[in-house]
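In the working numbering, the protein residues as written are 3 to 595.
The set of hints was computed from the structure by calculation and includes no laboratory data.
There is no bait here: all hints are sound.
In silico DSS-like pairs for lysine-lysine, Cα to Cα no more than 25 Å straight-line:
id, residue 1, residue 2
1, K242, K265
2, K242, K175
3, K265, K280
4, K251, K280
Here are the computed distance ranges between Cβ atoms for each label pair:
id, residue 1, residue 2, range
5, A259, A127, 51 to 59 Å
6, K175, A124, 25 to 33 Å
7, A430, I582, 15 to 23 Å
8, P99, D258, 35 to 43 Å
9, A127, E224, 41 to 49 Å
10, M201, A127, 24 to 32 Å
Glycine residues also receive a C-beta, built at the ideal position from the N, C-alpha and C atoms.
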Amino acid sequence: MKAFGRLTIAWKLVTVAGLAIGLLLIAAAVAVSMHTSGIVAGLTHRYADAVADDAIEQIRTEIGRVEATSRSTAGSIAAAHQAGLRDRKTYIEMLRPQADATPIVMGSWFMAAPNALDGRDAEFAGQSDMGANPDGSFTPYWVHADGKVVFQPLNEGNEYTQPYYTIPRDTHKAALLEPYPYVVAGKTELMTSVVYPSMVGGQFLGATGVDLSLDGVSKRLEQLKPLGGGRVMLLSAAGKWVAHPDADKRTTAYADAGADKVKAALSGGEAALFSGVKVGDEDMERMVRPIAIPELNTTWALVMDVPRSAITGPADRLAMILLVGGVVITGAVLLALFLASASLVRKPLSGLTQSVDALSAGRYDQPVPGVTGGDEIGAIARALDGFRHDLADGQRRRAEQEAERAAAEIERQRHAEEAEAFAKAQAAAVATLGEGMEKLADGDLIWRMREDGFAGDARKMPRDFNAAVESLQQTMAGILSAAQSIRTGCAEISHASDDLAQRTERQAAGLEQTAAALDQITATVKKSSDGAERARQLTESAKANAEKSGKVVTEAVQAMGGIEKSSQSITQIIGVIDEIAFQTNLLALNAGV
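Starting from the given sequences, assemble the full structure and let the hints guide the process.
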């Protein structure tokens, strides 16, 4: 089935049609052959029956002639004896003509009952020329030997116990004997005999017989060739071969196929037809026909073999002729179908296949052939051509969409670049601002923020930051100056205190010695009190300077708050930019879809 599936439609049509036509022709040939075989077989069997009837008629005629010869001889001998003839020479001469009665006759003879002919058996004992056997019984016998008829008495010594004598003696009836061997002129011959009793006054005078050569009968039947290759044979009443092409089978019992049917034909008079017989390599059909011979009180059987090839040959030849004719017709039909399918199917389908390949390759400008056809292929071509137009429109729309998508992509990239540049600027601004905060946190009031990293409204931020730092620097300078003044005052106070301590120490050391100088000490204490007042004033001044520095710091803190608010504004602006970028990306994605 896989190989069949790979065939073209034309070859599939040819294959299916060939199989269908071939099967129909084969079926027709078989049917005709069977019908013809039946007719031919019937005709052949009727012909075989006709041949068998003719053979049976010939056999009956031959046996009838022999039977008549034997009967007339027996009657003549009985009549001569009844008339008083006792001359043995005369009886011998009476038998001589019967030996040549027919070509299949081998001899003629007479066996007188002991002393029944003339009562002189003892007188003729041993006189073979007078037809006497060693006992003197009259047993003359004329027989064919070496191509001529010779005379010899029946002198086997047991001839009076043989069926050819005992049957007519005991039954007083004619008989056709079973085949048997007999020595003639020193040679054993196979024969059968037609015997008749010679009756005189109701008394058995002797047995008269005519011998038939089985070889002669066989040669006579061999001349019959039914259907050219058949053969005709003969069976005795006991089922022994009387005539057979194979001399070794003569006088032997039937041992071929269909023995039961042969027995039924001999005993019941039923004809039989069967197969299973082979002659060499040839299959035969065997016909068995009973031959009733009422004059001799027996039934023989004609056996005829007909070659099966002769029966089935005509039908087989007719079947072969039909088969060859069918093959020729099938070939012619298949050739015509192939040519027609090539023109009507394969060529249009090839054009459609090329159109499909062109569509697969994107060549939508190539027209589809066969659109004007009114058959199924034309309908397919029209549908394919419509599909081609749809694909061409789709390709045009895709080109337009690709152009729009490319323009949208360029716009998106421009917005992205602007957003990226803005983001970089914002990042740089934030980094610069962060650096400024870091410098400010480190106490670096000399560092100034550059304006080249800021764009748009953000350019105000470095100026404000630098102004705030400048103000803070001035404030811190004032604070530093006040602190320096405080440090100087404190140093003076420390110096005064040291001086006071020294004087006090000197006074304590010289207290005992300088009691008189108490006034001087009092003056010194007063001077110390004045120094302390001065120190207090300096402290108050430092305090005022510190409060002023606190205001400056407060202002710096407020400036930092402004910077923080500006930073929050920058953050909000960055958020708005991110939102715009998100919307731009979303629009670009939609355009791409």
